[in-house]
Amino acid sequence: MTDMTQNSSTQISTPSAEGSSFAALKHQFLQIWQVLAALVLIYLVFFVLSEPFRSLDTLLSIFGQASILAILACGTTVVLISGGLDLSVGSIFAVVGVIVGIALAEYQLPVLVAVLIGLLAGAAMGALNGTIQVFTKVPAFIVTLGGLTAYKGIAEILASGRDLSRFPESFQMLGSGYLVPMLIMFGVALLTGLFLTKTRLGNHAFAIGGNEEVARLSGVNVRKSRIYYYMLGGVLAATAAILEVSKLNFAMPARGQSYELFAIAAVVIGGTSLFGGRGGVGKTLIGMLIMQTIIVGLSYLGVGTSVQRIAIGIIIIVAVYWDVWRRPSR
Amino acid sequence: MASQIGEKTILRARGVSKHYGGVVALEAVDLDLREGEVLAVVGDNGAGKSTLIKALTGAIPKTSGTIEMDGQEVQINSPTDAKAAGIETVYQDLALVNELSISKNMFLGREIVRDDILGRLFGTLDFGQMDSEIRALFQKLDIRIADIYREAEAFSGGQRQAVALAKTVMFGKRIAILDEPTAALGVRESKMAMDLVRSLKDHGLSVIMITHNMQHVMNYCDRVMVLRLGRLAAVRDVKDVDGDTLVGLITGATEDKAA
Numbered sequence: 001m002t003d004m005t006q007n008s009s010t011q012i013s014t015p016s017a018e019g020s021s022f023a024a025l026k027h028q029f030l031q032i033w034q035v036l037a038a039l040v041l042i043y044l045v046f047f048v049l050s051e052p053f054r055s056l057d058t059l060l061s062i063f064g065q066a067s068i069l070a071i072l073a074c075g076t077t078v079v080l081i082s083g084g085l086d087l088s089v090g091s092i093f094a095v096v097g098v099i100v101g102i103a104l105a106e107y108q109l110p111v112l113v114a115v116l117i118g119l120l121a122g123a124a125m126g127a128l129n130g131t132i133q134v135f136t137k138v139p140a141f142i143v144t145l146g147g148l149t150a151y152k153g154i155a156e157i158l159a160s161g162r163d164l165s166r167f168p169e170s171f172q173m174l175g176s177g178y179l180v181p182m183l184i185m186f187g188v189a190l191l192t193g194l195f196l197t198k199t200r201l202g203n204h205a206f207a208i209g210g211n212e213e214v215a216r217l218s219g220v221n222v223r224k225s226r227i228y229y230y231m232l233g234g235v236l237a238a239t240a241a242i243l244e245v246s247k248l249n250f251a252m253p254a255r256g257q258s259y260e261l262f263a264i265a266a267v268v269i270g271g272t273s274l275f276g277g278r279g280g281v282g283k284t285l286i287g288m289l290i291m292q293t294i295i296v297g298l299s300y301l302g303v304g305t306s307v308q309r310i311a312i313g314i315i316i317i318v319a320v321y322w323d324v325w326r327r328p329s330r
Numbered sequence: 001m002a003s004q005i006g007e008k009t010i011l012r013a014r015g016v017s018k019h020y021g022g023v024v025a026l027e028a029v030d031l032d033l034r035e036g037e038v039l040a041v042v043g044d045n046g047a048g049k050s051t052l053i054k055a056l057t058g059a060i061p062k063t064s065g066t067i068e069m070d071g072q073e074v075q076i077n078s079p080t081d082a083k084a085a086g087i088e089t090v091y092q093d094l095a096l097v098n099e100l101s102i103s104k105n106m107f108l109g110r111e112i113v114r115d116d117i118l119g120r121l122f123g124t125l126d127f128g129q130m131d132s133e134i135r136a137l138f139q140k141l142d143i144r145i146a147d148i149y150r151e152a153e154a155f156s157g158g159q160r161q162a163v164a165l166a167k168t169v170m171f172g173k174r175i176a177i178l179d180e181p182t183a184a185l186g187v188r189e190s191k192m193a194m195d196l197v198r199s200l201k202d203h204g205l206s207v208i209m210i211t212h213n214m215q216h217v218m219n220y221c222d223r224v225m226v227l228r229l230g231r232l233a234a235v236r237d238v239k240d241v242d243g244d245t246l247v248g249l250i251t252g253a254t255e256d257k258a259a
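Residue numbers (the numbering used here), protein chains in the order written: chain A, 1 to 330; chain B, 1 to 259.
Keep in mind that the hints were calculated from the coordinates and are not lab data.
Each hint should be verified, as a subset may be incorrect.
[To be verified] With a Cα cut of at most 16 Å, we get these calculated EDC-like pairs of lysine to aspartate or glutamate:
1. LYS224(A) to GLU212(A)
2. LYS140(B) to ASP202(B)
3. LYS173(B) to ASP81(B)
4. LYS26(A) to ASP147(B)
5. LYS198(A) to ASP70(B)
6. LYS137(A) to GLU213(A)
7. LYS201(B) to GLU35(B)
8. LYS140(B) to ASP195(B)
9. LYS224(A) to GLU213(A)
10. LYS8(B) to GLU35(B)
11. LYS198(A) to ASP195(B)
12. LYS8(B) to ASP81(B)
13. LYS198(A) to ASP115(B)
14. LYS137(A) to GLU212(A)
15. LYS8(B) to ASP70(B)
16. LYS198(A) to ASP202(B)
17. LYS173(B) to ASP70(B)
18. LYS26(A) to GLU151(B)
Throw the hints in and build the complete structure from the sequences for me.
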């Protein structure tokens, strides 16, 4: 080894860098194959049971319907990995939708400016959630439950007496059809995944969620990092909201209701731990696809939305049970 | 062993106190650490051992007291301050994050960021560099971890402690502080850990070590300080005491005439 250390550092680091990414890939695949198998199995079940389900259109619509919620759920994934919780993203979604609607319909701002204002608003609301929690030590559940109703109220005040519809065509293109939202979903998931696995701040999410005290004693700036994770959650909720407003061609404060719960459900079904420290966005995408496949599949079989909700509820409990059962230490 | 120890005091703490409301956890404790020595801190449960090292390393704010390094007063108010001063600490049960791989645990809080545009803009990490440094260090210290990408919780107590101690070798510039490095370890693993503690000395570190094991005090340490009920009860050269005397000092059966 002493001989090796005299070599140039690039010679040593290159093979081990490859080894590292290969081992990491293998590790990720081993973690992901079970949920992936579940997704394929569920898809096949509906494929066998329902003839109209067998079309490419259905497959595309599953992706299409998953995409907006999946973008929001990528942010939820980061927050949950860091041991946090944000129940207010559905309401952030509503506020951003209304703000972007006002910017476009009332002030006729350029699309890019309206989008940027929306993203900034999302970042600000997420950061506010994080900041309040970190400095008051009020539990995340309570702070963001407060955010859930408070932001909803803000969305209603902003929207009251306004007609927020008929946006410019260039804006409508963002969320129209399945392709663009799907591409944005994959882009967001890829970037969030790179953030979590490749960057310092992203890696710290796992450390803080795993053991906050060890992270703090190791010199990680826990407070600052947490604020950033909530901020990212806000930005991704805003991204999802912008796409939905574009798709619907109107904005209203009632949108986004329960989205935070669907996002948490997808994250947990995918296999990210509710207790923090483990998880990834790949899993969340699969979790979201599982949920949408079940919803779409059941409706093809003529099962109503109420029963669909019951099915999703049961799956959430099973997924969390699986998470708890896997790690008896917690 | 004693011949390696300099006369120089590297760390001098004076009047360190920690009160929790009306409860006195630590009262006016003085500590001197000489360059190159292993200083044992012993005492009964609740004697203030962990409180003392947490106060020294900024893990908890101290109520009063001063800390000097090399004769200069230093402000240590956070774990980061302690690390900047060259003090590396292994806290009992708080050394590693279970969910993180060994390689990520090693550099937690001190990751190497890539020296390129991506690193500067996004803080992307240089895993290749970090992993090769870890492998080289493990080889040098004879720590056998087959897969450094496995989560820390998959390893035995001895292996985890070895990794935690390796962290102090990698980052400790001056002082290593260890809170019961052999707690919950078997006999063979304890010996492995204590051999690593000894090698910290060879790597130029001065060591403060909390322990309950009198055998380890006698075999591996140079001096020993005894805490009792939050106060300093005695400081002795290990060669001047035996196990029975130490136990007496810990329980209060033997009063220290020098103190």
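Results of checking the hints against the structure:
no. : hint                   : result
1   : LYS224(A) to GLU212(A) : 13 Å, holds
2   : LYS140(B) to ASP202(B) : 12 Å, holds
3   : LYS173(B) to ASP81(B)  : 13 Å, holds
4   : LYS26(A) to ASP147(B)  : 13 Å, holds
5   : LYS198(A) to ASP70(B)  : 39 Å, violated
6   : LYS137(A) to GLU213(A) : 14 Å, holds
7   : LYS201(B) to GLU35(B)  : 10 Å, holds
8   : LYS140(B) to ASP195(B) : 13 Å, holds
9   : LYS224(A) to GLU213(A) : 15 Å, holds
10  : LYS8(B) to GLU35(B)    : 6 Å, holds
11  : LYS198(A) to ASP195(B) : 35 Å, violated
12  : LYS8(B) to ASP81(B)    : 22 Å, violated
13  : LYS198(A) to ASP115(B) : 14 Å, holds
14  : LYS137(A) to GLU212(A) : 13 Å, holds
15  : LYS8(B) to ASP70(B)    : 8 Å, holds
16  : LYS198(A) to ASP202(B) : 35 Å, violated
17  : LYS173(B) to ASP70(B)  : 13 Å, holds
18  : LYS26(A) to GLU151(B)  : 14 Å, holds
The structure shown violates the earlier hints numbered 5, 11, 12 and 16.
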